[in-house]
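*Asks:* Could you slot chains B and C onto chain A? The hints should help.
Take a look at the letters that make up each chain.
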Amino acid sequence: MLRLHDVTKEFRVGAFGGKSVAAVKGVSFEVVPGEVVSLIGESGSGKSTIGRMILGLNPVTSGSITFDGLPVRAGKEYYRRVQGIFQDPFSSFNPVFKADRVFSMIKEAYYPSVPEAEWRERIATSLRDVRLNPDQVLGKYPHQLSGGQLQRLLIARALLLDIKLLVADEITSMLDASTRIDVLNLLAELKARGLSVLYITHDLSLGNYLAERTLVLRRGSVVEMGLTERVFGDPLHPYTRELLSAVPRLHTAWDDAAPVETCVYHDRGGSDGLVEAEPGHFVACARLATCS
Amino acid sequence: MSLQVSELKVHYRTLKGDVRALDGMSFGLGDGEILGLVGESGCGKSTLGKSLIRMDGRMRRVGGTVVLDGRELPIDDDRAMNEFRFREVSLIPQYAMSALNPTRKIRRMVTELLRSRGAALDLAELERRMAQVGLPAEVLDRYPIELSGGMKQRMVMVISTLLDPSLLIADEVTSALDVSTQKAVARALLGFRESGYVKSMIFVTHDLALTHHIADTIMVMYAGRLAEKAPADVIVKAPRHPYTKLLLDALPEVGVRYADRRLEGIAGSPPSLLNPPAGCRFRDRCPIAGEECAEDPPVAELAPDHHVACWKA
Amino acid sequence: MTVIQEVAPREPAGVRREALYFAARNGKLMTGFGIVAVLFLLGLLGPLLVGGAPNEYGPKPMTPPSGEHWFGTTTFGQDVFTQFVHGLRSTFAVGVIGGGIAAVIGMLVGFVAGYRGGIVDEILNMLTNVILVIPTLAVLLIINAYLGIRSVAVQGLFIGLTQWPWAARAIRAQTFSLRTREFVDLARMSGAGTGRIIAREIAPNMSSYLFMTFILLFGGSVLIASSLDFIGLGPTEGVSLGLMLQNANQWSALQLGLWWWFVPPGAAITAIVGALYVANVGLDEVFNPKLRET
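Protein chains in written order, with the working numbering: chain A, 1 to 292; chain B, 1001 to 1313; chain C, 2001 to 2294.
Here chain A stands alone, though its shape is the one from the complex (with noise of 0.2 Å):
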């Protein structure tokens, strides 16, 4: 359904562009109708930009994002198939206009039609889909609303839309934990209606908890991809097992042996440095084997 294919995206940087940087080296991945997929990366890993490229808010520098085999284009009929939510709840929703305003921009730009009164009950179903209550949300202006909520509603004004792949670039990282899995559990639920979700992260737990393949970023390139439970249950790339043993665990002391030594060919990702250790798990390291 979706599929990268050696994307790069350089930023031009300096007076008159004069310098560029390369945020995302020679990305290729797919995403498959009903998977949901986690990008998960520190920060400087491209992570985010390859969500914005995916969303046509950034256009890509070389190689190519298709979606349904047609390439990427920012406009009304690509988004009505493929939505975004980002991570700042607050900075998402314009703070003069009351949060409810994401809707009826919906509702002008592809329902104009639909009379008010089923429009209503759409959004009714929408959000009683999300876990709010009409009532609470409705009317009200952002800073009213906390930001577990807003990012409901959010999820809510995508569902209005048939989409097929919604990007969710770090929805959870500003709410409190005991929110936080709530919103996660809707992520997950998406699923079932047969959408796909593309969740970027730099929260392996939360990356772990909710998708069925995980793509491990850094500096812009992949590291290693494949099924989530053997990407964190069997890592191969240093910089995975560096990665998963940093996380704090709460019923395990942290991992105390030596940092990984950082493999030779660490810098050698790119679709073509990666290579397939065992049927569907690629890891960017041309000498797994001796490296640990």
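It is worth saying that the hints were derived from the structure and are not from the lab. Here the structure is a predicted model, which is why all the values come from computation and not from measurement. Among these hints, one or two may not hold up.
Said to hold, decoys possible - Residues from chain A that keep clear of chain C, each with C-beta distances beyond 12 Å, as calculated:
id	residue
1	ARG3
2	GLY34
3	LEU55
4	GLU229
As the list claims (entries may be wrong) - List of simulated lysine to aspartate or glutamate pairs, EDC-like, C-alpha gap at most 20 Å:
id	chain 1	residue 1	chain 2	residue 2
5	A	LYS19	B	GLU1264
6	A	LYS191	B	GLU1264
7	A	LYS140	A	ASP88
Note that CB positions come from ideal geometry on N, CA and C, so glycine has one too.
*Replies:* Okay, now just chains B and C, sitting in the frame of chain A:
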């Protein structure tokens, strides 16, 4: 006991009235103890950290005392607190990036800071401590912009503990960092205690799992009050307060998958602290709340060092 | 579905009605607009009611305010009240034309440069800076001297054409910071185009700022116009408040104790700009829902 906080009440003044950010907090902190302070946003954990070192203009102490090493801290007297800051109580702010003046080299900044506190710079000691957290001495001749987030954070840690304060408050120091840097910063904090640079520490965070790795004792706050305080392992393995239990249940861990075990969050949201309802403040969200919860639950010591504020615990 | 019907109509019209509701209840806004409206009406209707040419010399020079001459007379026996109402009219005209033109150009350039960024921004920015460093007053002098502009409207036009650059810069900077906010991305993903995003997402966020810009441009135009008037390059027919002030100054009204000559025009300029400022603070409260509740 190096720190003893009794019945501390701190309110925020707003146009709509007083927000009771801290509503009668009492706890102690022993010598060499690291206390992890966790809770949701708005529970008062940052207010507590701030109250112990510098109250901002809108904050007002309504009652209670703070005693550090036998001396009462004049927490609402900004001038008088100056004598204690850096020497007795020190703070590592959440955004170390903005705590450093961008136009000064680190060396000059440290020298000026120490001079303003009437202390001379012991360069050898500074470099030794920097080495301990993995910062090369060259860092001193760089500008803050040339350092990465983790390096800045560690630099600020070294600076703020240079005068060996008795109490160090680390306010969300790791939240803006990547996992791998976060681990290094957390380790460095532990190292400070071992080397005796700080006697005790309050580690404010929203990350329960991370606290567990650093803290000896964990204190869970809810809506301006203490919910539960116990040794770190006890909080994680045998929590008594329903809020702590639910919070732990909502925590995804590496290895827990949606497909295998569906975690649940805590329904509802914390009460407004502008006019908090009477009785237990967790009552509305609590699955086991009963009649008696209409009255304020006292903080009881259910087991040695295990304090819980719940009728049902 | 009864539950949902209760929270029913929330259409654009409803939003506007709500803004009006808060506007009507806002004391600052009403006071500010009230003062401006009174002075505006005075300028609009005054000349019709008073009659007589403002610069006509009268038989009774230097008389203090009386029933016959409400605001007294000048050294030349001109009626100050007649001058005042005519002056108000041309001052409003210059302020509205000059400030309006500058605000429109400033917004257009600022919004487009700030939102589009890149090469568009660089070109527009260069243009802005070039006009910014041209000594405005000198250019106006030359234009006025050569073209012999004698009408208030053309004076306003030229003031407007030279005054916009700083407004453009300020609006560009604001737009720049707003366009990275995620609600702009969300609007794009709701199928909105550039113009719509600027008009409906970015501009409302800085509406009080835009209004403030207009007020400052308005005040600036009034002041520049009175400077031009002073050196004899203003409209030859009629008067303006600036011209009255300059005349009063020139004929030593202060030293002669003719306070009624310079106080009304001075007070009127201060009142107009001041009242617009107060209204602006009120407007901020109307447009920013966070400030409403306090």
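*Asks:* Give a verdict on every hint.
*Replies:* Against the structure, the hints:
{"no.": "1", "hint": "ARG3", "result": "holds (20 Å)"}
{"no.": "2", "hint": "GLY34", "result": "holds (22 Å)"}
{"no.": "3", "hint": "LEU55", "result": "violated (7 Å)"}
{"no.": "4", "hint": "GLU229", "result": "holds (33 Å)"}
{"no.": "5", "hint": "A/LYS19 <-> B/GLU1264", "result": "violated (48 Å)"}
{"no.": "6", "hint": "A/LYS191 <-> B/GLU1264", "result": "holds (18 Å)"}
{"no.": "7", "hint": "A/LYS140 <-> A/ASP88", "result": "holds (18 Å)"}
Of the numbered hints stated above, those contradicted by the structure are hints 3, 5, listed in ascending order.
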